[in-house]
Amino acid sequence: MTYNWDWAILVREPFLGWLIAGTGLTLAIAGLGWAIALTVGVIVGIGRTVANRPIRAASAIYVQVFRNIPLLVQMFLWYFVLPELLPTAWGHWLKRDLPAPEFWTAVVALGLFTAARIAEQVRSGIRTVPQGQTQAALASGLRATQTLRLVVLPQCFRIILPPLTSELLTTIKNSSLALTIGVLELTAQSRQIESNTFHGFEAFTAATAIYLAIATLVRLAMRRFEAGRSMPQAKQAPPMALREA
Amino acid sequence: MNATVSVAVASSTEPVLAQAPLLRIDGVGKSYGTVQVLSGCTLDVQRGEVVVICGPSGSGKSTLIKCVNGLVPFNAGRILCDGVDVGLGRQVDLVRLRTRVGMVFQNFELYPHLSVLENLCLAPVHVLRRPRSEAAERAHQLLVRVGLPDKAGSLPGQLSGGQQQRVAIARALAMDPIALLFDEPTSALDPEMVGEVLDVMVELARDGMTMMVVTHEMGFARKVADRVVFMDAGRIVETGTADGFFSEPTTERARGFLSRILSH
Ligand SMILES: Nc1ncnc2c1ncn2[C@@H]1O[C@H](COP(=O)(O)OP(=O)(O)O)[C@@H](O)[C@H]1O
Ligand SMILES: [Mg+2]
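Going line by line, the protein sequences match chains A and B.
Residues in the first sequence are numbered from 1242 upward in steps of one, following my numbering.
Residues in the second sequence are numbered from 48 upward in steps of one, following my numbering.
Worth flagging that the hints you see were computed from the coordinates, not collected in a lab.
These numbers come from a predicted model, not from an experiment.
Any given hint could be a false lead.
What the hints assert, rightly or not - The calculated label-pair distances, taken between Cβ atoms and stated as ranges, are:
| # | chain 1 | residue 1 | chain 2 | residue 2 | range |
| --- | --- | --- | --- | --- | --- |
| 1 | B | Leu309 | A | Thr1411 | 57 to 63 Å |
| 2 | B | Ile308 | A | Ile1310 | 56 to 62 Å |
| 3 | A | Ala1385 | B | Asp197 | 31 to 37 Å |
| 4 | B | Ser306 | A | Arg1470 | 49 to 55 Å |
| 5 | A | Arg1464 | B | Ser306 | 40 to 46 Å |
| 6 | B | Asp197 | A | Arg1368 | 33 to 39 Å |
| 7 | B | Ser180 | A | Leu1327 | 52 to 58 Å |
| 8 | A | Val1291 | B | Arg71 | 31 to 37 Å |
| 9 | A | Phe1466 | B | Arg71 | 50 to 56 Å |
As the list claims (entries may be wrong) - Covered stretches of chain A (in silico footprint by chain B; criterion: 3 or more residues with CB under 8 Å from a CB of chain B, positions within the stretch not fixed):
| # | stretch |
| --- | --- |
| 10 | 1308-1314 |
| 11 | 1391-1399 |
Claimed, not checked - Now the stretches of chain B that chain A is said to cover, found in silico as 3 or more residues with beta-carbon under 8 Å:
| # | stretch |
| --- | --- |
| 12 | 168-176 |
| 13 | 188-194 |
Built from N, CA and C at the ideal position, the CB exists for glycine as well.
Please model the entire structure based on the sequences and the hints provided.
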């Protein structure tokens, strides 16, 4: 079997355009999905730590549901099942009137799925901030919400920045699942080049290189972001601290 | 409205107010589930007074002073602090009380993500709504007062323990408190740093600050304490002058405690 290599197709029209459009959609889905994931994830993550029981329970249920159903299934549920469950007018709007329904469905599905994972990180990050920090803030007259916003969350985010970075990278990779509901993102475009030209090797090599380049850039950017926000830990004598309340 | 009446009221209540203690702890009890941590604690602290609290680990010292500013809710008795009934625990009153009664912790609890200057400005800006420039100016004065004028831009993690605790004292002073609560301020420090922190506290006491200090530092107590309170098993067992308490404790438990800390 001989394979006819032709790397030139990657820069030939329309295939170059397809790759560029696919990359754009991948970045758009991942970026918008990430925005939803951060917003919802932080709220749900805080919700898991509050004193109010109903809020805590609702947040826990959210995490369980969205984290444990495979993302692929969630895409299908949002895209194929949800419009049928909604009142007819709403279902029609989703299927016919919403511009690019598959794109927005992918964004929302990816965002809400990732939010559950971010919520878990936010929750454990908040737990990592010592109780004494909260006491010191409250003792100075700050209210509970100010204490959370000014003292606890800033430390929480610094602690969870590394796992958040890998979550962002995973989100970019997960955006390729959007092809299953018909979004022509990067992976889908590569497949389309393959079926049009039978040059699958070249097409998927290009996709691989682009995913790697994006991941590298994200990693570098996050590292710079992290470097500007270091939080050297105080050298304290912990034994007494652990015994005393 | 009648001006003469209000003048009359003011003049007649003034002497009474002057005598009323700044802090009145009256029969306070606290339990965690079935574990009784404080029982029947009663103590008055006058304006300008320095009260040292000592006692074995687990005797309830931290719990008692955290009841004073409402960090720990108690189950029995009453605490009146600067006219605020702490037990009622309404958010508005507690915030007002906490802006006037500062606290210094065993582990400093400086905010590690903020510079020293920002540590000192956080509460004045967000609680007292002071303009940032004014808060920063006051912060610089206080850093001079605790001997750290060049550390404003440092992060807490870059300072020694003794420096951190001095910053923590400055942070409490930044709210212009009428009283300060200290919970074992020198217990987490290396021995060579204890002195620099105690020096700052002695100076505060001599300036007339009302202080409630949980500590086993006898030198400090002898120098500035108006009274020493000894706690054991959640009760205030003995109260006396520093010299009296350390040289002739009246209770067996206090004698046992003192011989243990002296043997260290
Ligand atoms: N949050 C808590 N839950 C249960 N028990 C506690 C809690 N905080 C303190 N205690 C208990 O209360 C007692 C008094 O604690 P504490 O006031 O910290 O003592 P001290 O400061 O004198 O060492 C201890 O036995 C401690 O175990
Ligand atoms: Mg204690």
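Each hint tested on the structure:
1. Leu309(B) to Thr1411(A): 57 to 63 Å: 60 Å, holds
2. Ile308(B) to Ile1310(A): 56 to 62 Å: Hint holds: Cβ distance 60 Å, inside 56 to 62 Å.
3. Ala1385(A) to Asp197(B): 31 to 37 Å: 35 Å, holds
4. Ser306(B) to Arg1470(A): 49 to 55 Å: 50 Å, holds
5. Arg1464(A) to Ser306(B): 40 to 46 Å: 57 Å, violated
6. Asp197(B) to Arg1368(A): 33 to 39 Å: With Cβ atoms ~36 Å apart, the hint holds.
7. Ser180(B) to Leu1327(A): 52 to 58 Å: Cβ of Ser180(B) to Cβ of Leu1327(A): about 55 Å, so the range 52 to 58 Å holds.
8. Val1291(A) to Arg71(B): 31 to 37 Å: Taking Cβ atoms as reference, Val1291(A) and Arg71(B) lie about 34 Å apart, which means the hint holds.
9. Phe1466(A) to Arg71(B): 50 to 56 Å: Taking Cβ atoms as reference, Phe1466(A) and Arg71(B) lie about 51 Å apart, which means the hint holds.
10. 1308-1314: violated (count 0)
11. 1391-1399: holds (count 5)
12. 168-176: Contact hint for the stretch 168-176 of chain B vs chain A: holds, 5 residues under 8 Å.
13. 188-194: violated (count 0)
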